[in-house]
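Student: Here's the letter readout for the chains.
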Amino acid sequence: MKDYIFKRILLTIPTIFGLTVIVFLLVRLLPGDVIDAMSGGEVAIDEGRRKMIMDRLGLNDPIIVQYGNWLKDIFSGDLGVSLRNAQPLREVFLRALPVTLEIGFISAFIACIFGIPLGIISATKPNTLIDVFVRLFGLIGLSFPNFWLATLLLLFTSLHFNWIPGLTYVPLWENPIGNLKQMILPSVILSFQLMAITMRMTRATMLEELKQDYIRTARAKGLSMKIVVNKHAMKNAMIPILTIASVQLGYLLSGSVIIEQIFGLPGIGWFFLQGLLDRDYPVVQIMALFMVCVFVFVNLLTDIAYAYLDPRIKYDMEQ
Amino acid sequence: MKHCKKIISSILAISFVVIFSSEIVAKNPKYGGEVVWGIAAEPTSLAPFGILLGAAHIGKQLGYDSLVEYDRNSNIQPALATHWENPDERTWIFHLRKGVKFHDGSNFSAEDVIYSLTHMRDPMALDASAASVDGFMPPIESFEAIDDYTIKIVTPKPDATLLGWFAWSRWSIITSKDFYKKFTPSKQINGTGPFKLVEYIPNDRVVYEKNKNFWKSDQPYVDKITLKIIPDEATRIAAVRSGAVHGSRVSSADIIRPLENNPNIQIISGVTAQTRVFQISVKGDGKPWNDRRVRQAMSMAVDRKDLANKVFGGKATLTGPVPDSWGVYGLSQNELRQNIYLQHNPDMAKKLLASAGYPEGFEISFMLPTNQQYEAIGAVVQAHLAKVGIKANLDKRENAQFGAAYGDGSYEMFVNAQGFRLDPTGKLNHWGAPSKAPQKYWYDYPNGWNDEKLKVMFDKAVSTFDVMVRSNLIKEIQRRVIEEATFVYLVNPERLDILSVKIKNWYTDFVDFNQPLRTVWLD
Numbered sequence: 001m002k003d004y005i006f007k008r009i010l011l012t013i014p015t016i017f018g019l020t021v022i023v024f025l026l027v028r029l030l031p032g033d034v035i036d037a038m039s040g041g042e043v044a045i046d047e048g049r050r051k052m053i054m055d056r057l058g059l060n061d062p063i064i065v066q067y068g069n070w071l072k073d074i075f076s077g078d079l080g081v082s083l084r085n086a087q088p089l090r091e092v093f094l095r096a097l098p099v100t101l102e103i104g105f106i107s108a109f110i111a112c113i114f115g116i117p118l119g120i121i122s123a124t125k126p127n128t129l130i131d132v133f134v135r136l137f138g139l140i141g142l143s144f145p146n147f148w149l150a151t152l153l154l155l156f157t158s159l160h161f162n163w164i165p166g167l168t169y170v171p172l173w174e175n176p177i178g179n180l181k182q183m184i185l186p187s188v189i190l191s192f193q194l195m196a197i198t199m200r201m202t203r204a205t206m207l208e209e210l211k212q213d214y215i216r217t218a219r220a221k222g223l224s225m226k227i228v229v230n231k232h233a234m235k236n237a238m239i240p241i242l243t244i245a246s247v248q249l250g251y252l253l254s255g256s257v258i259i260e261q262i263f264g265l266p267g268i269g270w271f272f273l274q275g276l277l278d279r280d281y282p283v284v285q286i287m288a289l290f291m292v293c294v295f296v297f298v299n300l301l302t303d304i305a306y307a308y309l310d311p312r313i314k315y316d317m318e319q
Numbered sequence: 320m321k322h323c324k325k326i327i328s329s330i331l332a333i334s335f336v337v338i339f340s341s342e343i344v345a346k347n348p349k350y351g352g353e354v355v356w357g358i359a360a361e362p363t364s365l366a367p368f369g370i371l372l373g374a375a376h377i378g379k380q381l382g383y384d385s386l387v388e389y390d391r392n393s394n395i396q397p398a399l400a401t402h403w404e405n406p407d408e409r410t411w412i413f414h415l416r417k418g419v420k421f422h423d424g425s426n427f428s429a430e431d432v433i434y435s436l437t438h439m440r441d442p443m444a445l446d447a448s449a450a451s452v453d454g455f456m457p458p459i460e461s462f463e464a465i466d467d468y469t470i471k472i473v474t475p476k477p478d479a480t481l482l483g484w485f486a487w488s489r490w491s492i493i494t495s496k497d498f499y500k501k502f503t504p505s506k507q508i509n510g511t512g513p514f515k516l517v518e519y520i521p522n523d524r525v526v527y528e529k530n531k532n533f534w535k536s537d538q539p540y541v542d543k544i545t546l547k548i549i550p551d552e553a554t555r556i557a558a559v560r561s562g563a564v565h566g567s568r569v570s571s572a573d574i575i576r577p578l579e580n581n582p583n584i585q586i587i588s589g590v591t592a593q594t595r596v597f598q599i600s601v602k603g604d605g606k607p608w609n610d611r612r613v614r615q616a617m618s619m620a621v622d623r624k625d626l627a628n629k630v631f632g633g634k635a636t637l638t639g640p641v642p643d644s645w646g647v648y649g650l651s652q653n654e655l656r657q658n659i660y661l662q663h664n665p666d667m668a669k670k671l672l673a674s675a676g677y678p679e680g681f682e683i684s685f686m687l688p689t690n691q692q693y694e695a696i697g698a699v700v701q702a703h704l705a706k707v708g709i710k711a712n713l714d715k716r717e718n719a720q721f722g723a724a725y726g727d728g729s730y731e732m733f734v735n736a737q738g739f740r741l742d743p744t745g746k747l748n749h750w751g752a753p754s755k756a757p758q759k760y761w762y763d764y765p766n767g768w769n770d771e772k773l774k775v776m777f778d779k780a781v782s783t784f785d786v787m788v789r790s791n792l793i794k795e796i797q798r799r800v801i802e803e804a805t806f807v808y809l810v811n812p813e814r815l816d817i818l819s820v821k822i823k824n825w826y827t828d829f830v831d832f833n834q835p836l837r838t839v840w841l842d
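Here the protein sequences line up with chains F and V, keeping their order. FYI, the working numbering numbers position 33 of the first sequence as 33, with every residue one higher than the one before it. Each number in the working numbering corresponds to the 1-based position in the second sequence with 319 added.
Hints listed in this document are in silico derivations from the structure and should not be mistaken for laboratory results. It is possible that some hints are incorrect.
[Unchecked claim] In silico lysine-lysine, BS3-like type, Cα no more than 27 angstroms apart, as pairs:
1. F:Lys181 with V:Lys821
2. V:Lys417 with V:Lys471
3. F:Lys2 with F:Lys235
4. V:Lys501 with V:Lys543
5. V:Lys779 with V:Lys471
6. V:Lys543 with F:Lys181
7. F:Lys51 with V:Lys602
8. V:Lys634 with V:Lys821
9. V:Lys670 with V:Lys710
10. V:Lys506 with F:Lys72
11. V:Lys500 with F:Lys51
[To be verified] One-sided excerpt, in silico: chain V residues whose CB lies under 8 angstroms from chain F:
12. Pro521
13. Asn522
14. Ile548
15. Ile549
16. Thr554
17. Ala557
18. Ala558
19. Ser561
20. Ala719
21. Gly722
In this text, a Cβ means the ideal position worked out from N, Cα and C, and glycines have one as well.
Isolated chain V (complex conformation):
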């Protein structure tokens, strides 16, 4: 009964957010026109299920929906499910929207959700010809259609992250039954989203037209969207400046300084959840990382303000594992600033190293993805670490090499970005439910690291529905992770978009990717 009350209070909290947020409606939208948006990477495949990292999501997010969705304020809103309930802590009942049509004209119903759930759990069962693997989906014990418009999902344990999974709609796509039999998944889309796929020409463009039967009857506003693939950032910026494309994402504030006074261009920035972080592996005798003082020294050696200025043009904020902009779950900037382990303190770092038995410091291999931004991070941080005696040898690796080293743990330390996850606890799962690789090279090794208290706190955070209780737990885990410096959190850079002034209703999507394209209009 106590649990049910908590669930009810959570639902009420969410409902409040739903009601409050639905009040924020677009003002005076204009209809018609075509938006051309520059993207950096080839979508590779439009297949709805499986992990195809990066741009693949951009290719499909305009055409598909899930049961729920995030609004522009990162609150969960109804989508293909109009409402949901929890009769007990493990059971979710989703009531589906009626009258929704797929792009091919077929009607949406519970059997489509069952088909999609089956295959998002095991994408390889569907398409053996292309490499795809399962991802971040929370464990589900069973699911069934109660009737044509009601779905019941049972989780093995109480799991408050399930709703977040469905809201993270690029992973939890709902497609039509037998999609993989009737369509070519990598090149076709059959969803319920605001835009229908017209053509996908690899390494060139993806073209969509307005779905006139979209279930939000007043949307979308534009008639056509073209995603133009332009890998070179200088070309993308030139294309926006010349008007050849309406907008694009850029990597650094420094690159777009010359555009700041351009009357035809607007620059929109805001935080997402792309925290930059050092990760380390424990090998051999576990040294040096098995000593907490060494990890803390490394954290204190990094001058995060200098890093933000030199690499991100000042547009980056302090961060813990969960960015402060993630609802009530992140630690505030004020608290982060006062956290001694995130403060730049080379003298203390040297003392900690000396007390750990490294008065002269040590040498370490520092793996980076071959990418202009990460190489810049590497160079700046290398200089910071050198000041306390840590000699970090930069080891630049392109994507597949980086992925291989990550998988087999053959690295000592690396920097990368941790992107958005289904739930704030997804940003903490290294400490509670790690995937195999960190488990092998971090926890299980004889000289590895373990913190049972943290695991207990994590499990509780996953299974707690009460927002405020969860918030406190998640914050407590973060404080402990920062103090233990198990990973060293650097900064959370802002996302920067440059757009033609003709584009209206754009916002920085906290969930990242280009979700706002669904609701933009042209002035």
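Pulled out of the complex, with its shape left as it was, chain F reads as follows:
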């Protein structure tokens, strides 16, 4: 088991390294640069001045030098500075991180605590009224884009209750109640899709497991349905659920790009988008690298969880 985990961790190193190259190059392939973004079709900047600015910002250095400087900034923990306003990115990143992590965790939590039980209920009572309702809910969750739902809910609450979630971000550790009031609506909206996917996947895999011979044997032994589901079927059904849920967890981050904008929350997603529009390469690189790392580490944790849930994986590795 230890070897398996160690090997999986080792594999993440070249993965992340490769991704730094991709992130670094991709952002530079976008047409236009920070100067074009600033001029925005209103002011034309002549070549001499453009060269001077690019020199000063280090954007005329050979690409390998720029990449090396970026890696140096990352390893020093400094993360570089914004091209637009010279703000230290470490400060910007550390301020934005809790916002995005909080929305992500609350959303994942809501998705799991509702998605998995609803899927089990639906699977254990197939083709009943409750199953129909749960499936319908799943379909709605999958079909409605979260930005549309967010706008609609804001319209509804402002129109009928003269209320919208607090717009000025309050950190959790400063005012937990105020923070949760602010975070709950965006998190619920962001969780809808994941909840629907988790629910549908739980239902499908549970239905599959409940048809297996070992379930029939367990039932024949006289075990209650509750024990059969929780002790036997659930553990086997969890592997595909975990796979889907973990992949989707990464997508929560991309969803948060829009949700943060709609609710005015200063998180990673908003900075990423702003950086992209401004062609502020260091901002985009660091925010994209963070998202990439989240994907990699979530997958790593999923693989480790597999080994725990499915002894065959451990066995294969040992072989």
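Here the structure of chain F is known, so what remains is to put chain V in place on it, guided by the hints.
Tutor: Frame of chain F; chain V shown alone:
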């Protein structure tokens, strides 16, 4: 002597305006409270100098002043300079206000103006770490402090636009000496304005508190202002409706129809100088734009009334290069309505195209910024042009892509907004003193376009101090530009603000941005 008389008459005219306008004082203002204002874009930086387009100005305009300022009627008023004089046509003497303090408590004097002038001319010299470039500043030959409270500025040629530059205070900020050494320019403010910066949290909020030492002793009225950054317009409107913010700007009259009968909300609209305009580039053999008839046909193909109704909910007016609301310099609505080149006349447009050798029309790439409003303009105008045979293929580009194409001239035609400038002549500089990009893709090309008469008229308008003579010149240039259809002017949409009824003393600032926040109070 003749010139000096003209200058004196101009100064008298301005002084009259000053005296007249200063009579308009706020009635029964109330003091105290906090105003929360929703803004669409992140200020990015609060650095006083250099071009950081868009919201950056909103972040700093509450904290800084310049030598002069615009009042609510767009007249130039004294600010950090109490008065000024022109001993000759190239020399400006500004007498500075005494007893003014910066937010850090230091005294304002001529050396601060010298420091600021030095760096507004070359912002890159100050801050190499962040991208910023110089902008619209008129050429200045020299400047010096005559004493602690008197500044002398000499321009290379007679230049009537200099006062407008200082009144356009978001570009001509006066900060304290050595500001860039003592402060972090992107995150701090040290000005003489009505509000002191408390905190700036990127992508979240900018918070200011009242400057108790503000040189207008009765202002500001509110204790605190928070600019809340809310990029999504639907959220901003919901926030105003729920009372979470006191007000915000909105993009279209159609969006706020449901708020019209809301007793808690007031809608204030008025014109600014955000003219929507087609710009074209001349490439290759110069076709089709080098033929005046083609450009005129395009102008006549556009149904401006339809455009105003469909995109701006009817809240947009006809415009030439200088909006009609800009003092005595714009062409009147009546004159614009009667101008045949601004009238919707598809039959004439077809005839003009046929006579220019395009009886079947032609195909053109039409670049737009990716923005709901411009995309709507593109769709409406595309249909208008199609009726006369011009097939405009929409090419939507986000800001940086748009800026890149504008810079290198790799477009055939685009639509955008031309915002406020330091002076009405700033709206005409494409025809007199173009920046490099239009010069390269419009004037210099072998098959490009040139009009020496227009350039002469422009130079004269810049150097003429007499208001009425300038006005006539500027109007004449506009008539010629509209007839030549060198750019095709579409409409000038109104600015729309939705506000809580508690907000008093708000007005539509012709100069744009949120200058009225400096003088609002809460009921």
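Student: Hint by hint, note whether the structure agrees.
Tutor: We went through each hint and held it up to the structure:
no., hint, in the structure
1, F:Lys181 with V:Lys821, "holds (26 angstroms)"
2, V:Lys417 with V:Lys471, "holds (17 angstroms)"
3, F:Lys2 with F:Lys235, "holds (22 angstroms)"
4, V:Lys501 with V:Lys543, "holds (25 angstroms)"
5, V:Lys779 with V:Lys471, "holds (23 angstroms)"
6, V:Lys543 with F:Lys181, "holds (24 angstroms)"
7, F:Lys51 with V:Lys602, "holds (25 angstroms)"
8, V:Lys634 with V:Lys821, "holds (25 angstroms)"
9, V:Lys670 with V:Lys710, "holds (17 angstroms)"
10, V:Lys506 with F:Lys72, "holds (25 angstroms)"
11, V:Lys500 with F:Lys51, "holds (25 angstroms)"
12, Pro521, "holds (6 angstroms)"
13, Asn522, "holds (4 angstroms)"
14, Ile548, "holds (6 angstroms)"
15, Ile549, "holds (4 angstroms)"
16, Thr554, "holds (5 angstroms)"
17, Ala557, "holds (4 angstroms)"
18, Ala558, "holds (6 angstroms)"
19, Ser561, "holds (4 angstroms)"
20, Ala719, "holds (3 angstroms)"
21, Gly722, "holds (3 angstroms)"
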